[in-house]
Amino acid sequence: MSYFRKHYHEPGTAPGTLVQRSPATTSPLSMHLTDYTEEGVEELDLDAVQDCVRYLERGSKTWLQINGAVSPDTLRQLGDLFDLHDLALEDVLNAGQRPKIDSYENQLFVTAAFPMLNDGVLELVQISLFVGENYLICFCPLAQDPFDPIRKRIRQTNGRRFTSRGIDYLLYALLDYIVDSGFPVLESFGDDLEVLESELLAHPDRQTLAAIHRLKRELLLMRRILWPQREMIASAMRSEDHRIKPETLVYLRDCMDHSVQIIELLESFRDMATSMLDLYLSAISNRTNDTMRVLTIIATIFIPLTFIVGVYGMNFGNPDNPWAMPELYARYGYPLVWGAMIVITGGLVWYFRRRRWL
Amino acid sequence: MSYFRKHYHEPGTAPGTLVQRSPATTSPLSMHLTDYTEEGVEELDLDAVQDCVRYLERGSKTWLQINGAVSPDTLRQLGDLFDLHDLALEDVLNAGQRPKIDSYENQLFVTAAFPMLNDGVLELVQISLFVGENYLICFCPLAQDPFDPIRKRIRQTNGRRFTSRGIDYLLYALLDYIVDSGFPVLESFGDDLEVLESELLAHPDRQTLAAIHRLKRELLLMRRILWPQREMIASAMRSEDHRIKPETLVYLRDCMDHSVQIIELLESFRDMATSMLDLYLSAISNRTNDTMRVLTIIATIFIPLTFIVGVYGMNFGNPDNPWAMPELYARYGYPLVWGAMIVITGGLVWYFRRRRWL
Amino acid sequence: MSYFRKHYHEPGTAPGTLVQRSPATTSPLSMHLTDYTEEGVEELDLDAVQDCVRYLERGSKTWLQINGAVSPDTLRQLGDLFDLHDLALEDVLNAGQRPKIDSYENQLFVTAAFPMLNDGVLELVQISLFVGENYLICFCPLAQDPFDPIRKRIRQTNGRRFTSRGIDYLLYALLDYIVDSGFPVLESFGDDLEVLESELLAHPDRQTLAAIHRLKRELLLMRRILWPQREMIASAMRSEDHRIKPETLVYLRDCMDHSVQIIELLESFRDMATSMLDLYLSAISNRTNDTMRVLTIIATIFIPLTFIVGVYGMNFGNPDNPWAMPELYARYGYPLVWGAMIVITGGLVWYFRRRRWL
Amino acid sequence: MSYFRKHYHEPGTAPGTLVQRSPATTSPLSMHLTDYTEEGVEELDLDAVQDCVRYLERGSKTWLQINGAVSPDTLRQLGDLFDLHDLALEDVLNAGQRPKIDSYENQLFVTAAFPMLNDGVLELVQISLFVGENYLICFCPLAQDPFDPIRKRIRQTNGRRFTSRGIDYLLYALLDYIVDSGFPVLESFGDDLEVLESELLAHPDRQTLAAIHRLKRELLLMRRILWPQREMIASAMRSEDHRIKPETLVYLRDCMDHSVQIIELLESFRDMATSMLDLYLSAISNRTNDTMRVLTIIATIFIPLTFIVGVYGMNFGNPDNPWAMPELYARYGYPLVWGAMIVITGGLVWYFRRRRWL
Amino acid sequence: MSYFRKHYHEPGTAPGTLVQRSPATTSPLSMHLTDYTEEGVEELDLDAVQDCVRYLERGSKTWLQINGAVSPDTLRQLGDLFDLHDLALEDVLNAGQRPKIDSYENQLFVTAAFPMLNDGVLELVQISLFVGENYLICFCPLAQDPFDPIRKRIRQTNGRRFTSRGIDYLLYALLDYIVDSGFPVLESFGDDLEVLESELLAHPDRQTLAAIHRLKRELLLMRRILWPQREMIASAMRSEDHRIKPETLVYLRDCMDHSVQIIELLESFRDMATSMLDLYLSAISNRTNDTMRVLTIIATIFIPLTFIVGVYGMNFGNPDNPWAMPELYARYGYPLVWGAMIVITGGLVWYFRRRRWL
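Chains as they are written, first to last, in full-length UniProt numbering: chain A, 1 to 358; chain B, 1 to 358; chain C, 1 to 358; chain D, 1 to 358; chain E, 1 to 358.
Quick caveat, the hints were computed from the structure, so don't treat them as lab data.
Chain copies aren't distinguished; within one or between two, either way the pair holds.
Here are the simulated BS3-like cross-link-like pairs (lysine-lysine), alpha carbons at most 30 Å apart as the crow flies:
1. K6 / K152
2. K245 / K100
3. K6 / K100
4. K152 / K245
This one's a predicted model, so the numbers in the text were calculated from it and none came from an experiment.
Put together the whole structure using the sequences plus the hints.
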């Protein structure tokens, strides 16, 4: 996982320049069009950008979903067809934008961050949306379209809920989906925190530390991106753009609520992760203290004994005095001493293993 | 205690969808209606939602209290009867909402968090309130209705205080009750802090650390939920909704005051808990230092002595020289040395026990 | 010192309920009235609340000071007499309010926190003030009235300074006194910090740590209460209440200045206290390191020597070779070795005592 | 790298005083003029300030780029020619200004900080810009002009993009270039962070600590300068100065976006760097604990053994008893013991080396 | 250096009371008057306050500089002469005010903090300024007037720059001087930080810790005072007082810029000082770890060797076996062993000294 994930042009490049990105994201391009009116829903996969022209000219609402890596050429064609602003098109290519909403003359341009877990690793996929009078274009760099549930809702209700409202309701539905995708991610992070916490209180080790650090880093990344997302929704609500209709505001408010809740959860998770680092440090200090204590006790007990033993060299040995080290004259004295020493060593090793020191 | 406690729909679910929650909260449903006019108070337990219709049509004020787990069906019936907004109904089911106040056309929707201690563990129960022209519906997932004291006040004053004021006064009374319930919780946390502090300064151990961590976590959770509660009351005061009457503002201001005070207490408690973690770390360092010092002193004293003793092997022994280790030739020399060593060992063990090192 | 010091009603109690507090603060009640006009000052001790009626009816300014524990009955009488608001009266009884200013129809209600040191322990006494057209009622739970200097100023100038201005000037004088009482408290805390700092840099011990913790806690408490006090004065200045006259604003600005200065001092004191905890931790680490170093040096020097000595068992003893341990054959060899060992032990004990390790 | 990098006049110097800076930055002066109209672009190197007069008088747009160290004399000549404000000229000489935008009567004065890495060390070069009706003067203390890409864009498009817009578009192009130069710097810092992180988790040493400290310091410096840069662009957007035309605002918004993104990256990098310091501390504590454990285990095992061995002085030796230390009487007993000891020493040294302790 | 440096009246003292301060600052009083018109500059030392009356009555601008300790009597005379407000006069005496600007009817009252280093110790001298229609009175408690450079500028330009502008330009010149005096102080602190940093990375000791603490403390103090100074200048700029003329605003903006820059430097210095404390802690931990490692290695190597040696008591000695400890029978065996031990001790002492452990 890299710290710097922003695509940017060489400084000094003219604004609105469209350059082919490095082929890191080579998901194949696919275009899907969903056209709905009060009468019904029509869906088709597009081969060429121009195929959508005839849908635009009818009074219907048209949702053009473009998945995978878009080439600068395709973007330029789309730009000409829909009269999209150069700066906005540039932002579609340069992934890693802050979520934002920009009002241009002919369309609203929205970038949002779609949070998902990929093998447990957080990814924040940039979704770019153009909203015109009666069309919405949505760019998603993933090969797999995540917005199928929305499409299903359009189909199921035969488009009634969506057709009776403007294209901004579709924008809300997509944003709501993007925002709510944060909940399962946070739930997973919450589970991680609980696991780490119980590890910390039971037997913390080096892996625990690395795991806390990794989690903290992902929380930081997520917060950096989702904080402006909240602002983006807030400014969509405040915006006086005529393309966002007053009757959609109550839905955006709901979406805003969720966004704020996610931020607050993130903040408290970060606080807990920081607090866990302290806990880890305390646990290590505690353990150092424990080892010290054992060493101190054993050493302190034996040091004076060894001194006394040294004083006399234990030259008490005198075969005639039965009180003076008779062990020295016993036949198996020497092997017995070795036996005693082996038993003590084994006992200590067992004890250390049980205390997880060895 | 889990970190993530929010109920949420599968992302992409249509707004306002009501789905049966997992059966975790299976408190049985009970409905209680309190109807009051200037003339008197009427109370009854409802079996079916429809039973409250006739109370609504009179000019009286009606408080419908619904305790326990509500089924989506019941919610839908209530929604149709009172013309409640779908998004609000969804929030009633999806517990774990941030406290908020939403103005809909036909009603005000308020969610609040009711703090309580369950066996010493903090719980924040979501209370959902709908306020119409002359009715208030209050959802509480607990089996046991916590709002009996309010009902008693309505009864005692024969409803005069409540009837002479609008239904918003009942809203205030409930919110005030919810907010003030924070005080006993904080008082209990304050007591915990004091106990922990005295433990820390006397003889901190691993349990103390875990306890501070747990307390900090609960304070963090409580703050995350109660902070928006303060904002909710503030926006109720600022709101230009005609359902909140100017004469109720002075009461809401009082409630706001308490809410702010709780937040400030929470913040200072969190500061103290953080400071205690530092104190714990210092205490551990102190103890490590103490053990080190004892080891150092004893070892440092005996090391040169043992060296000297080693040098001479103590081969001074010479039966003819009364100054040269006469102990070696004493009859009970050897047992006496053993005796001395046992006494020393016992003394040290006793000393370590007294210092709580063993 | 307890963490939670707020008095509160049982949640669900009706607003404005006056209940006898627990008898913790049983300072006897005393009432003192100061009445002043351009002509002169009149002072008397009141036995009953009603005695002040005749002063109210004249055009004079009347200051009613009530010290000690007020009973709910007395409060209710005062409330009826002066038409005081129920919520305000409740706040007089429930000590531990945040400082605030509330505008009611017939009076301004102000609560302030009077900081004082009681045997070195911070106490924040709640002063409650009602300001009407030409009267001011001041409640102070202390037996001893702290506002004598103000009364003296009224008397000394024969009331001229006070009489030529409205009753709000008296309010200012009292608030100014309350705010300025923070300076000696902070001066004492500043002295404590200096003492602790020099202790820390010289020879920190466990008491130092506890003392820093205690100080930090008191600073935290003081800040929690005095921060809203600043806001209270600010909102008194901004208030459009006709009872605060424009010519008093220049004085309130001065009072505000002092309040801000106290907050800034508090904040920097807290910063220093936190920094001192770090310093303490460093000092402990330093000391551990020192002990370790001594142990390491002595042990490391003697370990190889002891090994060598062990190798030869020092069996060089050979009475015929004058170079081979002649000490063994000296008459007083053995006692001399004991002597040497006792001298070394004594020297080390003396050295450890001097370094304060023993 | 020094902490204090601001050039300032002796306090008390009259405002607008131009004094020769110390010769630290002695890059030679060079002046380059780019003049463009709808018809075409003209470029030339200037020898004397006066040479640009005739370009100013035409209706064309003129960009005067001045690189290297400017003498007070040259500044004064420019000031007279273009009627530049004294305070602004002073700021050109006193490098280390906060980025800001000042509206003077005859020109807009902008200072910006151009971030670059010089052998891995962050430098923030002050760029000063004067924007008049149809001219822009840009001061850059570097010998090498960094703005060649912009000049190329003017040339390439034959100035069309630039000539069709006002001189404020050139200002935007330069600011955009300056802001975007932050991205490669941050990318490099991000790489450093990743390297440090993996070092920390693998085998942290003293160099790692110094490197984290250095990085944190550079991030702090960069943040201190780039934070006001964001404000500067924001106030350029809000400014009602007629020299910034509404059609440029959409471009400045883009530039603002980048600026905010850089700040947010910086903040999260700083958070990570701080968190890494904690990680380092934990790693050290961990390692201390490890060494302690090994010492404890080995010492604790051998201490009782050595005691036992001492007790018997191992005087079992008795040539007649084959069970009593027959090794003592073996011919090569002594050299074999030495051999065993050398093998043990070698083994331990090898073990310590492998654990990187030696 | 004391933590609490505010002079304050006994709480309850009437506002505007002037009391002789304790004689801590007994710099002798001196008064200097600078009077300037378009025609010329006149300067004289005043003996009595009344001597300045005739300058006030002319249309000229008059700057009255009062250095040293002012007695309450002198202040009262000045107050009567210039009609200065009581509260302002009190603030002149009670040093340690927050920088502020107060608009009174007849004059503007400004207090500012003049930062200077006295033997390396930060001092923040309170400068009090009264600005009337055509006079400025400046109080400075230092014996030595710091504002000579300003006076020189008035003289040099023969007062033209100053006379063509109002008295507010003199106010600006003084404030600018006061603010800019922060730069050399910060430069010195920056140097201190660099020295401390290189000490920390090379060989940190107890003095380093105390020095960081002292620096942090001074930075904290400076920030506490200079933060309101920034606000003071900002409110001078916003102020609608007619005594501050619009043409002076551009200069005040410059002064504000410097003030903000100083605050930002202070903040980043504080951040670095805090980070250095962490660095110190890491360095100490590192060192503890190092000592531990050496002890562990040496002890661990010798412990088993000593055990083996103990087992055999090294009773191999057998004069007949040339392989069995022939050293015991060599003539100079014993002195040679002593020699070896002395060499080892010397070597270790030398090694410890080189590593700075001894």
